[in-house]
Amino acid sequence: MGDRTFAPSRILIYLVVSLFAAAYLAPLVVVVLNSLRTNEEIAQASMIGWPQQWAWGNYATAWSGFCVAETCAGIRPYMLNSALVTIPATIFSTLLGAVAGYAVSLWRFRGDSWIYGIVTLGLFLPQQMRLLPWTIVLRDIGLINTLTGLVLIHTIQGLSFTTLFCRNYYVAIPHELIRAARIDGAGFFRIFWRIILPLSSPILIVTVIWQFTHIWNEFLYGVTFTTGQQQPVTAALIALSAAIADIPQHGVQSAAVIIAALPTLLIYLLGGRYFVRGLTAGAVK
Amino acid sequence: MTDVASTATRPGRPAISGVVGRLPEYLMIWVPLLLSAAHLISFSLWTIWISFTPSTLVPVSGWVGLRNYNAVMASRNWHIAFDNLLLFGTAFVLLSLITGLALAILLDQRIRGENVLRTIFLYPLAVSFVVTGTVWSWLLNPGIGIQKLVHDLGWTSFRFDWLVDRDMAIWTIVIAAIWQSSGFAMALFLAGLRSVDADIIKAAQIDGAGPVRTYWRVILPTLWPITITVVVVQLQFAISAFDLVRALTNGGPGIATQLPALVVYDLMFQRGQLGRGAAAAVLMLLILLAVLLPYAAWRYFQRRRATHG
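Going down the list, the sequences are from chains P and B.
Residue numbers for the first sequence follow the numbering used here, beginning at 1 and rising by one.
Residue numbers for the second sequence follow the numbering used here, beginning at 1 and rising by one.
Quick list of in silico lysine to any residue cross-link-like pairs, SDA-like style, CA-CA up to 25 Å:
no., chain 1, residue 1, chain 2, residue 2
1, B, K202, P, S9
2, B, K148, B, F158
3, B, K148, P, L19
4, B, K148, B, G252
5, B, K148, P, A43
6, B, K202, B, D108
7, B, K148, P, Q53
8, B, K148, P, L33
To be clear, the hints were calculated from the coordinates, so they are not data collected in a lab.
Keep in mind the model is a prediction, meaning the values are calculated, not measured.
If we strip away everything but chain P, and leave its shape as in the complex, we get:
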C-alpha cells in the first residue's frame, strides 16, 4: 500500500522506523565503542561515550591477557572450548538428524510415527527436567566436566530439532522417486547418498546455522556440567564479570563480549535468510 511520494505520512513512517532501528542498534554501538575506550576513561565518564583515545589494546587483553581466578589466559581458551563443543555437536546432530528425518519421512518403518512424536517432544521439555539426570549420567560415564560430555548432550538433544527440520523438508520429496530407486535395487544408504543428500543443501544450511547458534549461545549446561578451564565462553563471561566485580574493567570486558558474540553474529550476517527460515521453521512446529 501507499506510494513512493514523500507525503507527511511517509516521512512519519521513516522517522518511526529509524527510531526503532536506533534503539536496536544502540546497545551494540555502545559496546563496540566501549571496547575501544580505556578502563579509566569509562570509569570517569559513563558506559556511553565516544573514545577519547582509541584503546585497541583492549582486544589483545581480552583475547589472551586478563585473569579469571588464578589463570591469566584471557578469553581464548574458552572460545576454543566453545568451538570444540559447538562444531562437532553441530555436525553430528545435523547428520544424524538428516538420516533420521529421511528414515521417518521417506523410508518408513514400523513405529516411525511414534518414535518421531516422542523425539519432537524434546522441543518442549525444559532443560531443568534433564539437569539432574544428565549430571548423574555424565558422572557415571566419566564425562562430567569434559567437553566431550557437552558434545554428547548437545548431539542427543539437538536431534529433536534437526530431525524435525529435515523430516518436514523431506516429506515434500515425492515417494515415487524412492520407490523407483528401491526397485532398481538401491538400499537405504545409497538412496540417502545419491538422491536425498544432493537435494538437501537448503535444509542442511538452515539446520547447521540453527544448531551452531544455539549450541554456541547455550549457557545452562555449560555452567552446570563444567568448571574452570573447561567452561564454554558463555559461562566464562559470567565468571569474568563476577571475578572482576570489585575493579571493573569495562573496556576489556566489552571487548570480550564482542569477541564472544562474533561467531554467531557473523553467521547471522552471512546466512541471514537461512537464519530466519530456521526461526520460522522452529516456531511452526
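Let chain P serve as the given structure and place chain B on it in line with the hints.
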C-alpha cells in the same frame, strides 16, 4: 513392511544375510532416535521420581509424597519467582507482540532499505542471552549507564535506577527480553502480512476503506493463528528464562527478580536440595503444560477442521 517382502523374494539369498547386511541401516535409523526418545522419557520420569524422594545432596530412594512440593510452594523464593513469572510473562509477551506487529506493519509499507532494517531488528536473536544480559546490565546500571550519562549532561535529578530498585528490577528483564526477541514476532508477522491475499486488500480499497481501516478490519484478523504461535513460543521462553536473568540481575536485588528456572538451579546445585529442586522443575513443567496443552488441542482442532472441510 515392504522391506521384508523384498528380502524374501530376492532369489538365492538366505534371509539371515539380509538382516546382517542391513544391520548398519537398522543401527543408523534406530540408535539415534531411540537414544533421543529414551533420554526424554527416562530423564523426565527420573526427575519426577526424585521429586518424591527425600534426596538432598545425592539422590536417595524413599517416598515422601508431596512434601517437597509443599516445601517449595510454601517458600518465599518460589512465591516471588511465580509472581515475577506472571508479571514478566504477561508484560514481555504483550509488549513484544505489539512491538513486533508495529515493526512488521512499518516494514510492510514498501519502504526503502527494508532488508537492512530487517537485519537490524533480528540481529539480537543471533546473540546469546548472556551477552544481552551483560550489556543491558551496564546500560541500566545507574552508576555507569544511562542515568550517569544524563547526569553528566547536566540533568542531575534524572532517575533511572530500576536495576537496583526492588519493585522495578523485573522490568529491566522485560526491557532486555523485548529488545532481544521482538524481532522474532516481527519476522513471523511480516511473513503473515505478505501472505495476505492481494485481492482481498484490493476489494477493501475499492469499497473505500482507508489504510488504517483495511489493516484493522481486513488484514489483522488473518494474523490470529500467527499471533497465537508467537504467544506460545514467547511464553515458552519466559517460563524457562534463565541465562538472561543470570547475566542481568542474577535474581537480585536480593531475590526481587527470582524466576522459576533460577529457583530450580539454586535448589539443585547451590543448596543441595535435589528433591526440592526436582519438585520445582516439575512445577515448571506443569506451568509449561498449562500453556502447551491448550495450544496442542487448538492445533489439533484446526487441522481437523482443515482436512474435513
